[in-house]
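Starting from the known structure of chain A, fit chain B onto it as the hints suggest.
Number of protein chains: 2
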Amino acid sequence: MSGRILIIDSVATNRIILKVKLLSAQYEVTAVSNQLQAQAEMDHDRPDLIIVDLADRSEDRHAFCAALRDDLQTSDIAILGTGTANTAKARLAALDVGIKDVLPHPIDDAFLLARVRSLLRIKNVNSEIWVRDTAGRALGFEDEKRTFAHAAHVHLLTASTAVVPQIIRDTADSYSPNAQILPLDRHVPLGDPLASPDLYVIDTTGVRDPQDALFRLSADLRSRTATRLATQLVIVPDGATEVAAAALDLGADDVVMASVCKAEVGHRCEMLLQQKRKLDKFHTTVKDGLKAAVTDPLTGLYNRRYADPYLKALAEKTQQAGQEFAIMMIDIDHFKAVNDTHGHATGDAILRTLAARLRKNLRGIDLIARVGGEEFLVALPQSSRDMAELTADRLRKVVNGTPFDLRSDQAPLNITVSIGVAVGGAETVDQFNTDAVCLLADGALYAAKSAGRNQVSFAASAA
Amino acid sequence: MSGRILIIDSVATNRIILKVKLLSAQYEVTAVSNQLQAQAEMDHDRPDLIIVDLADRSEDRHAFCAALRDDLQTSDIAILGTGTANTAKARLAALDVGIKDVLPHPIDDAFLLARVRSLLRIKNVNSEIWVRDTAGRALGFEDEKRTFAHAAHVHLLTASTAVVPQIIRDTADSYSPNAQILPLDRHVPLGDPLASPDLYVIDTTGVRDPQDALFRLSADLRSRTATRLATQLVIVPDGATEVAAAALDLGADDVVMASVCKAEVGHRCEMLLQQKRKLDKFHTTVKDGLKAAVTDPLTGLYNRRYADPYLKALAEKTQQAGQEFAIMMIDIDHFKAVNDTHGHATGDAILRTLAARLRKNLRGIDLIARVGGEEFLVALPQSSRDMAELTADRLRKVVNGTPFDLRSDQAPLNITVSIGVAVGGAETVDQFNTDAVCLLADGALYAAKSAGRNQVSFAASAA
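Each protein sequence line maps, in turn, to chains A and B.
Here this note's numbering is used: the first sequence runs in plain steps of one and ends on residue 548.
Here this note's numbering is used: the second sequence runs in plain steps of one and ends on residue 548.
Next comes chain A alone, as it looks inside the complex (with noise of 0.2 Å):
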């Protein structure tokens, strides 16, 4: 349950103290003085933090935590560093190998725990990300490019728009023409094309009680659907080290105080794009992946897995409303000789233009799925005897009416189906039961073909 937390410290005392604030805070804490004890402990258990010193200069503290960071294995441990000047460029510097934050000593300890609840509680949906990435990666990377492309939308709140920070009209200038900068009160731009942003940078300086504006705001944002997802700079007045640690704990990203560079809030800025890209491509990735799941890739009908329980629960409301239903089981006729004749480049040619004809010829409330190679199934709801006989018999005539003209350097091809009809739910509770129903079509499929084929056959005991 606890943060599992590293501290690497060569002086004993800074060890201890720091490892007594965290363990009272019921975090996992271990801490070692060197590189190498690190490493070892590292291989032993991963933590999900490491707290590391800057001021030793008998180890190379940047180039480690570059390479913890250029590791996939270790990519995803946040890293906070201490005991450094606090002068820009030190900052800088430790930002360049991807620590995340650099805790002048006397480390405050409001803001140490609220940096460090902040960085698990991003860290835990990084993971999340991380652990689906063995599927995920296959099915978003394609997708790369196309949610990298938009250009990052950026909205700057701030107090006053009449006397707008230097650092705000920076910022915005760097992502002009994708930024506004918008007032902190009144925040949600009116019918604004750009409404959804990526990022907020929140100035609280200027602001009489920034906390309470802070804690309305957060709430506001996590609120709406456009702007739920975005992430937040928040920068506060410098030395307000009390209102940076609640801007973690009320949900901000990242947190600075307002006289870093400018260079510094450009970096953190990239960085929390980069990280809200992460999240869309893993969104897209989810969606995507769901879709694939249920689809048949060739013909862009759904699969069987989708099919099973559709059916099942279509019986089930066919049941409440006392309606009846039909399912269809339709096959192309000599199939294998086709495809024999011709290649499967035509079969598959010929496959995906029957989907379309037939999914042209159906209702949007009727299902169809591609169920086997050269077997289709369609399930009408509401549907009786009389009205299932008129859609097969559309079915069928849609296919041998017009010949398959796949290719110029071929006549195009007479393709039939024979289809075979159940209706469900008409006569007998069983009937409900969409495995006997589709059986019963199976039946009479193959009835269909027996008899000569291209043509449609009712089960029998629906006549």
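Wrong hints could be hidden among the right ones.
Identical chains blur together in the list; that is why a pair holds if it fits in one copy or across any two.
[To be verified] For lysine-lysine, the following DSS-like pairs were computed, each having C-alpha atoms within a straight-line distance of at most 25 Å:
#, residue 1, residue 2
1, K397, K366
2, K421, K482
3, K174, K185
4, K208, K376
5, K402, K363
6, K397, K363
Since the hints were derived computationally from the structure, they do not count as laboratory data.
Please read these numbers as outputs of a predicted model, since none were measured by experiment.
Using the frame of chain A, we list chain B on its own:
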């Protein structure tokens, strides 16, 4: 960007006051005086949230709300009640028809807005589930029982575990033995098997500064892996609407005053557990769905959709490391004849058995995928020609060395495979093009078939 809110109130003054409050919080608001108008409004544009007065007796508000909850088209619209007597009975009656909370007149502005934000936030999460339902339903359908099987785990946090309020004890009892009472400030159980709760009931009565305590607690719960997805019900001291509003804004899913009856707390707990189960199920569905999308259901091996991007990533990594890799195409000899003679069921059994034999004889880092009816692709990272030859020969022998004993009523079948191998990354940069290497392996497979089957053939250019 704004949430859409529909107000139903027969008293014009109430409607106007409420509308102004919500408009100034930047929501889209429509107000109507009766259910008929409400229905027309909803047909036109679906709201995210409905605020309905329960005082008007000329229409049956309860039946109206129950109908909205029971209709799949509207069941995700959150409903708040106003204007009724603030009695246990009236509140329970409202909860019973799916109303989330009842706000007595005069309505507390801060609490109203916090409740609105909270409901919109929860609805956003639910909508995400809903959008994916089309695909997800098919995938998660069969699992419904599994995810609903585990008993709810409830952690109850209170200021003092020495003097536990009655309502906390009662609630703990009703979830016994899967409930435990913990101190609010030491809420992380040590090495506990029940460490991952579904629901927190957080009692803030008896806490000196409840807002501050909730602030730290909620940030902490959201940051820990085991607790971040748990739902939260916060109990606040009677009349402490400010604390209640803060609790909601901090991410609590629901909030009640301390003096409410046991039935109401029980009802709210059940609603939150239902919400949690839905979320759990969604997460499982996503995970299963992603897996299903890249897996061949018959053999359990990866499919082409997984293999293609995997190969690209492999080639890239191999190129960076200056290594070689090998790709094999494996095809079952005379599979069509086996299928025709012994039937499809036997054919499927052969595919399954063969897949298992091949997989058992490959390393963990090797990839095996079923890429066609009887065709398998194997990728061997960090493999020279010699290593690939050894592996290919081993695979061939584990197939032809032991007949396939599939059915007790049938003699074991002798099955053989032909294998084509190509090594990538050895000589030219072109060989990092996995499509090209696959084509070479395909060509080698064809050569193995032509030369009499049951043998391994290497692509010429990699020889």
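Hint-by-hint comparison with the structure:
When the C-alpha separation of K397 and K366 is checked against a cutoff of 25 Å, the pair qualifies only between copies, where the shortest distance is 19 Å, while the shortest distance within a copy is 33 Å. In this assembly of identical chains, K421 and K482 lie within 25 Å of each other by CA distance solely inside one copy; the values are 21 Å within and 32 Å between copies. In this homomeric assembly, K174 and K185 come within 25 Å of each other (Cα to Cα) only inside a single copy, at 15 Å, whereas the closest approach across copies is 53 Å. Taking the shortest Cα distances, K208 and K376 sit within 25 Å of each other only across copies (23 Å), while inside one copy they are farther apart (27 Å).
Taking the shortest Cα distances, K402 and K363 sit within 25 Å of each other only across copies (21 Å), while inside one copy they are farther apart (40 Å). Proximity of K397 and K363 under a CA criterion of 25 Å is satisfied inter-copy only: 20 Å between copies versus 37 Å inside one chain copy.
Consistency note: the structure conflicts with none of the earlier hints.
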